[in-house]
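Number of protein chains: 4
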Amino acid sequence: MKDFPKDLLAGYGRFRDKTYPGLREQYNALAIYGQDPKVMVISCCDSRVSPEGIFNAGPGELFVVRNVANLVPGFEDDLGTHGTSAAIEYAVTGLEVQHIVVLGHCKCGGVQAFRARGIASGTPGQFLGPWIKLLEPAAIELACNPVEPNEDPQLGMEYAGIRQSLKNLRTFPFIEKRLADKHLQLHGAWFDIGAGELRVMDKQTSKFIPAVELLPGLSVS
Amino acid sequence: MKDFPKDLLAGYGRFRDKTYPGLREQYNALAIYGQDPKVMVISCCDSRVSPEGIFNAGPGELFVVRNVANLVPGFEDDLGTHGTSAAIEYAVTGLEVQHIVVLGHCKCGGVQAFRARGIASGTPGQFLGPWIKLLEPAAIELACNPVEPNEDPQLGMEYAGIRQSLKNLRTFPFIEKRLADKHLQLHGAWFDIGAGELRVMDKQTSKFIPAVELLPGLSVS
Amino acid sequence: MKDFPKDLLAGYGRFRDKTYPGLREQYNALAIYGQDPKVMVISCCDSRVSPEGIFNAGPGELFVVRNVANLVPGFEDDLGTHGTSAAIEYAVTGLEVQHIVVLGHCKCGGVQAFRARGIASGTPGQFLGPWIKLLEPAAIELACNPVEPNEDPQLGMEYAGIRQSLKNLRTFPFIEKRLADKHLQLHGAWFDIGAGELRVMDKQTSKFIPAVELLPGLSVS
Amino acid sequence: MKDFPKDLLAGYGRFRDKTYPGLREQYNALAIYGQDPKVMVISCCDSRVSPEGIFNAGPGELFVVRNVANLVPGFEDDLGTHGTSAAIEYAVTGLEVQHIVVLGHCKCGGVQAFRARGIASGTPGQFLGPWIKLLEPAAIELACNPVEPNEDPQLGMEYAGIRQSLKNLRTFPFIEKRLADKHLQLHGAWFDIGAGELRVMDKQTSKFIPAVELLPGLSVS
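Protein chains in written order, with UniProt numbering: chain A, 1 to 221; chain B, 1 to 221; chain C, 1 to 221; chain D, 1 to 221.
Chain A on its own, in the form it takes in the complex (with noise of 0.2 Å):
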């Protein structure tokens, strides 16, 4: 127990005198109510994306999964351990969450690794590789039908795979039923890392809007 993180101790430190207490009513709050979040954040395990940091978002505002590559796979009728599907399975019958996004990063690991058959290592991954595989769908369109014809293709292949999962995520009947009754919402979004950038995905064109364009009162620095 010795071996314990220090810097995570000393984290946590940190937020007991300095984040928790102007919080302790909210965080009390929380515990007795239950959490009652409007927002299911799909994203990245990336170290660098942190959905309640770039959302500035605080305790009981984000019910969020990460996996690698920010990946929802379609619905699959098959009784299998799906974890992404129960959890957004639980977020949208359990939880009823308005909004899912689906937020992806550039120089993301997990799309590169599909890209070069690998990860850092060099071998395709025993697990990785099968999961990744989901991004498959999302090349063979970005191929036949690009949004933008000359872009990138990691950037590319990082939007199609949030387009892919968006598209995945209209595959769940119960996701289906609640667009249709207009309770629930979809969105894409795409962080730059060293911009710290975020942007927007268009559901008409597909395409991705610089988020600062979005709201009037947002500072374009």
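Some hints could be false.
Treat identical chains as interchangeable: a pair holds within one or across any two.
PhoX-like cross-link-like pairs, simulated, lysine-lysine; straight-line CA separation at most 25 Å [stated by the list, open to error]:
id	residue 1	residue 2
1	Lys167	Lys133
2	Lys38	Lys6
3	Lys38	Lys107
4	Lys167	Lys107
5	Lys203	Lys38
6	Lys182	Lys203
7	Lys2	Lys203
8	Lys207	Lys182
9	Lys6	Lys167
10	Lys177	Lys6
11	Lys207	Lys6
12	Lys203	Lys107
13	Lys182	Lys6
14	Lys2	Lys38
15	Lys6	Lys203
16	Lys107	Lys133
17	Lys107	Lys18
18	Lys167	Lys2
19	Lys2	Lys177
Keep in mind the hints are simulated off the structure, nothing from the lab. This structure is a prediction, so every number in the text was calculated from the model and none was measured.
Add chains B, C and D to chain A, keeping to what the hints say.
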């Protein structure tokens, strides 16, 4: 696109105006040189339990998987699509993280659903049902060999789930090897939402101990 | 029998009156001594792309497979009925051809059907659908690692399909062996119907180069 | 790229200098308006039997499948990869051709391999073996009910293969329908390489008749 959640846009505005400027060089470097996290955290999707929040972690520090009830399936050699296993493989064999922390929490809805055999809406869940069946070996172990006999059963199952996930991690050959070589360490932790209290598992006793007891430097508020 | 297409009968009449007399001895010899072509061409069924026309080839010169979109499936050890693979095996192990040319072309309906997920009539095609799925690896490679980033997507897929077929040819052990022994060479080519222009794939760069640049003697009209 | 067969390059040079200039407008129109062939030909890969040559056909006239021994498999409802069936489906349901001609020829190596149970090299062929097994029903029919009792057995099998392919074509529902609607006609033909002689199958008798007997206008050289 106008329907993108306003709270998220406003939150991103705060990130962009207040957080990012002070971290600009760090984000730039992370974009250029890539991520190199030392710690992987496997935690729950619950909106009240952000690992970066609890550990006050900055960009690049934590590689984070989040699924319902912070579960790790056992190693399966079936070429299937296993998102959590894929993320573990990427973190361990690709990024060569030195620590994996399984982080549970109080009032976990996944554990509640397992205990009640159903989610809030009363149905077991087509996807959630098979997913939280991963807790079955934990429940059997808890029933047969309780670590703390008089424990609250919800808390007992939350702890037991963490212990089971740690056990399952050791079924992955690439983890076993690195544990033997002392290149990797596995840890259990648990967060009390209301009290803002972190507990860490003692590997000798498998009991959970308040983190404040671990380092003299931590304030015991 | 009276309904045999009159155009074909008239065309055969021209062959018999004008073509055959000048080639009588060649046809006689080919009948007696058998065929011994040095080149196999794998091309499309398209009525606008006759290999013998484009290469002005006489009887006995080209062993020709024609299927939709000039596709080569990968080696499959399943005892199934694979017409294209059977033709390749016959040409390589029986006739010992020295060259295999995969010849694609512009405005390929098979590639269009793959990109549009359907044939002219709008349905995917019970047989055409599975057949052109052979283009999926080509699309994935095109999306991940485009040879020419700014390419028209239809042209890009036509080129990518040729590259994939060349790759698939190398999965046949009897081809791999002859490539190693330098008894066989594989080539990619592409025909622009409107301009009557042949392009040949550069094996180093995988790019397609106008054939007129290859031989000084060819006129660049 | 310098190893591209010189004969093909030279042949292309002749096409470009001599054939293309006279057909430039036709090729241009075919590129712009697409192909609209009225006839599909299913013929053999044999280098001595070019359908465009024998029928003196220009660009856009013949949609051509070529496989070993000009075979048509029966309709199979198995979602498998059937190249010849895909081409037939595309021609019939997509291009709406009005005629399908199965064109066989003398001294067919595929038929010889079937009769000898092996290709030139003596082995049955991993791919060729299963492929030419498609001739088995033709052989059984020939043995049981010979059309011409005293026929040379090689010629008999060549004819029988054509008859079997015509029978198999009728097992495709989209063909059966168009035959009933009189929108499609099926024909058998056979080419004698040495004599340059085309024979056409009489649908009443299933016998093959010299094409020169069919139209008064044809010269009987």
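Here's how the hints hold up against the structure:
1. Lys167 <-> Lys133: both (16 Å within a copy, 20 Å between copies)
2. Lys38 <-> Lys6: between (34 Å within a copy, 11 Å between copies)
3. Lys38 <-> Lys107: between (29 Å within a copy, 19 Å between copies)
4. Lys167 <-> Lys107: within (22 Å within a copy, 29 Å between copies)
5. Lys203 <-> Lys38: Classified as within: same-chain Cα gap 20 Å, cross-chain 38 Å, threshold 25 Å.
6. Lys182 <-> Lys203: So Lys182 and Lys203 pass the 25 Å test inside one copy only (15 Å; across, 47 Å).
7. Lys2 <-> Lys203: Result: close only across copies, 10 Å inter versus 51 Å intra.
8. Lys207 <-> Lys182: within (23 Å within a copy, 47 Å between copies)
9. Lys6 <-> Lys167: between (42 Å within a copy, 23 Å between copies)
10. Lys177 <-> Lys6: between (47 Å within a copy, 24 Å between copies)
11. Lys207 <-> Lys6: between (43 Å within a copy, 20 Å between copies)
12. Lys203 <-> Lys107: Within one copy, since 23 Å is at most 25 Å while 30 Å is not.
13. Lys182 <-> Lys6: This pair counts as between: shortest inter-copy Cα distance 17 Å, intra-copy 47 Å.
14. Lys2 <-> Lys38: Classified as between; 17 Å across copies, 39 Å inside a copy.
15. Lys6 <-> Lys203: between (45 Å within a copy, 16 Å between copies)
16. Lys107 <-> Lys133: The answer is within: 18 Å in one copy meets 25 Å, while 29 Å across copies does not.
17. Lys107 <-> Lys18: between (33 Å within a copy, 24 Å between copies)
18. Lys167 <-> Lys2: between (46 Å within a copy, 19 Å between copies)
19. Lys2 <-> Lys177: between (51 Å within a copy, 22 Å between copies)
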